[in-house]
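Chains A and B are the protein sequences, given in the same order.
Sequential numbering of the first sequence, starting at -16, is according to the numbering used here.
Sequential numbering of the second sequence, starting at 206, is according to the numbering used here.
Among the hints, a few may not be true.
[Stated by the list, open to error] From the derived model, a few chain A residues whose C-beta atoms are all more than 10 Å from chain B:
no., residue
1, P(-8)
2, A(-6)
3, R63
4, E132
5, W140
[Unchecked claim] Derived pair list, reagent style DSS-like, types lysine-lysine, alpha-carbon separation capped at 25 Å:
no., chain 1, residue 1, chain 2, residue 2
6, A, K436, B, K287
7, A, K144, A, K214
8, B, K344, B, K287
9, B, K344, B, K356
10, A, K214, B, K287
11, B, K321, A, K436
12, B, K321, B, K287
13, B, K321, B, K344
It should be emphasised that the hints constitute simulated quantities derived from the structure, not laboratory data.
C-beta atoms are modelled at their ideal positions from N, C-alpha and C, and glycine is treated no differently.
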Amino acid sequence: MSRLNGLVPAALARPFTAIGGVLFLIAAMLPWATFILNDGPYPEKSTLQFFDAPFELTGFRWHLLLFGVLAVIVTFAPVRGKERVLRSFGWGGLLIGVIGALFIAGKGGGIGAITAADGATALGSIVAIVGGALLVLGASANGLGDIPEWPTSLFGWTGMKQRLEAWVVLLIAFAGVLWLVAQTLTAGGIGGAAFPYAGPVFLAFLGFAGGLIGALHGVGVTRWVSQLSEKHRPFSIVVLLLCAFALPFPFTGAGSQYWMQVAATIGVYAATAIGLNIVVGLSGLLDLGYVAFMGIGAFVAANLSGVAASALGWNLPFPLAALIAAVVAGIFGAIVGSPTLRVRGDYLAIVTLAFGEIFSRAAQNNIGDLTGGASAMPGIPPVTMFGTAFNEPIKLFGAQLPSGVLYYFMIVLVVGLVMAVFANLKNSRMGRAWIAIREDEDAARAMGIRTGKAKILAFLVGATLAGLAGAIFVHKLGTASYDSFKFLESVTLLAAVILGGMGTIPGAVLGASLLFVLPEKLREFSDYRLFVFGLALVLIMRFRPQGLVPDRIRRAEFAGETAEGKSIEEIEEQAVLEQEQADREPEAPAAPKEGRP
Amino acid sequence: MSAARHSASETVLEAQGVTMIFGGLTALNNVSISLGEGRIVGLIGPNGAGKTTLFNCLTGLYTPTRGAVRLRGKQLPSDPAKVTSAGIARTFQNIRLFPNMTVLENVLVGRHIRMKQGPIASVFHGPGFRRGEAAARAKSIELLEFVGLNKLDHEVARNLPYGDQRRLEIARALATEPEVLLLDEPTAGMNPQETEEARQLIFRIRDTGVSVVVIEHDTKFIFSLCDTVSVLVQGEVLVEGSPETVRDDPRVIEAYLGKPREEVAAEVAEAAAAIEHHREDS
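Bound conformation, chain A alone (with noise of 0.2 Å):
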């Protein structure tokens, strides 16, 4: 947004800052609203512990105190790249304050509610928003600089103890990945009766994050630490897989049976967002019944684990069985890939629409007694491997954990492979053709690439692993049915993998988690659920096109600002009169090259 950018004198800048981040600490003491919220049934809850607690610091208002502390901070220390901290601080508070004079507002029946109102007075989301306001606009009056550059080795060290440094390091920042994993996960608890204002303490949890994560980012951090893991990819692979076993452990908090169930959807989803990823992001096919093939998994896995409901009767482990499922699933893919050799685009699109939607009548209707129809096919039984059933608690290195965690790590297993099948593809001959294809067709078909061929092996592979994760989908939910295939899911996948950043693996993790998140977080916007989910998404399509993880490249075609402070129209345009000018004098040497960063 670079429209904020020099709106402020520069002069100004750290006064603004400075004064933003006291704001902050104010709002972080004063009352948030005038009355008391949820009387009734809930006596203990109506003390308002939550919005109205002077100086007693839980949840966002110790977010707000750590933003506003640190801005002081940052604003006088010599921090390289503080503009970008100071903005990112900025803006989560302001999204703390803004969430928090919504939800109090909306509840306490308008303004009155977050001002003054009955002899009492409730300014802290006004003051927070204010302050917002003043670090966001003092950040960013002289303009972005760039993020810093840190060195592998901060100390300057070589060979084996630069290698013991980056292993800290990574060791350091993939635990803290799982505590904001395990906090965000958990953020505003399990919600409906038991915590009703589980809606805004989550989404106020993650203004912080984003905060969070935006300073460490404006810093360097987070480049600095790819960088590193990038470099020591075997290690960062096996913390990371530990990181994620580690999560179901008490120490995380998220080791209840609930957050379990939470984290091993959004596994599947995860999933299935990647292999949705080959075909749209990395191929640039666009497919709008991808959770048929999902669906087609499901049922084919279903069918075969001896279920009552199932005309078959068959009963076959689970690993043959998902096995098959992904195979199923995979034949369908390129069944459903093969008119890609005939329509194009758009074309596609309603292709594929109208394939998701055949495959959720055919199943509603229960089509040659495989599918239950609109009674689904209940009681499927539990994955039971080494004598185990995967649906029981078990004790692990001396701690009990809840039933389902045994889904969780199949799932998290399941999810590395995944990425992997993902990555190694990207990185391959095969990878290259698809993402010609998606760059220019004729082109790549020029370079002797079949693009039908491609195009259809992006299809068969995507569905696979859309089967495979079906597979596990039925066995933790215990029944089958085709609502949990319709066309809303395909969206919500596809809308999954563009949040996230096409073409790249935690894109679509984080997007699927967002996602298949969200709607269970905001149950008690009840009503307006949905709308605040749709207001979200439209607002970071706004403002972050490229998607939360953006690909290096994809990074780049969208970056709107670069170290100049222009925008990309501004130097294309540039580059154009250049290149005008050296055609007007042609002894001149070629045009200069385009400064991008």
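Fit chain B to the given chain A structure using the hints.
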């Protein structure tokens, strides 16, 4: 220019009586050209003469309505991918790189048909896969150096300056190991220095044993580059021969370069007289 220029050489690419009709429009009418091994053939002609249409017929993008295209005596399939595998590579008039891929990746896509890894190998990245990948990378970097794009491997293609994009397109085409390279206006939009570099590059490509067909508007460039030149006008070959023959042919001067100088001079004089007359009247 090489001494072998006028000696006889085996025909590599041959188009015989190619006719291309779109609806009622005859874009090409009975066009025949032939390309000798290690030769550079130029195609010139005014806009809309059918030069690019002929290229599209040679590369399988269009199937000619009548006539045949043969590579070393073998009829070419009408599928661009198969034509490229057979040994014909091309560049495009309006540059068509893969804009969001890096420079190196663009050339690696060109290696696609000369690599043998299937989908299974691509998933597992075994030792054989890695050997093939390393070889393809080495070859691609070598080609990038050959066209003069050193040290730009990891730049995104769309960020390259115009002249470098043209070079990258040539490197990508060469990566398919073609026998024949078709260049569609390789110097469009280039300044004289870049044009000269392009000329030297095409000579170097020819010296590696690749035969070249070039479409160009810049007649000076074509006449100093090619062994033979064909002039296309309204879908037909008007003149064919050595640059000297073509340059001095009055039909070419009229159809392509404009009317003979004396006629133009006469017209100018006429117009001047008319203006003079008009002034006197008012």
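Hints and how they fare:
1. P(-8): holds (34 Å)
2. A(-6): Nearest chain B Cβ is 36 Å from A(-6)/A, so the label holds.
3. R63: It holds; R63/A is separated from chain B by about 25 Å at its closest Cβ, greater than 10 Å.
4. E132: Answer for E132/A: holds, closest chain B Cβ roughly 16 Å.
5. W140: Check passes; 27 Å lies beyond 10 Å.
6. K436/A to K287/B: holds (13 Å)
7. K144/A to K214/A: Between K144/A and K214/A the Cα gap is close to 15 Å, so the pair holds against 25 Å.
8. K344/B to K287/B: Holds. K344/B to K287/B sits at ~22 Å (cutoff 25 Å).
9. K344/B to K356/B: Distance of about 15 Å is within 25 Å: holds.
10. K214/A to K287/B: violated (40 Å)
11. K321/B to K436/A: holds (15 Å)
12. K321/B to K287/B: holds (15 Å)
13. K321/B to K344/B: holds (15 Å)
Comparing the model with each earlier hint shows a violation of hint 10 alone; every other hint is respected.
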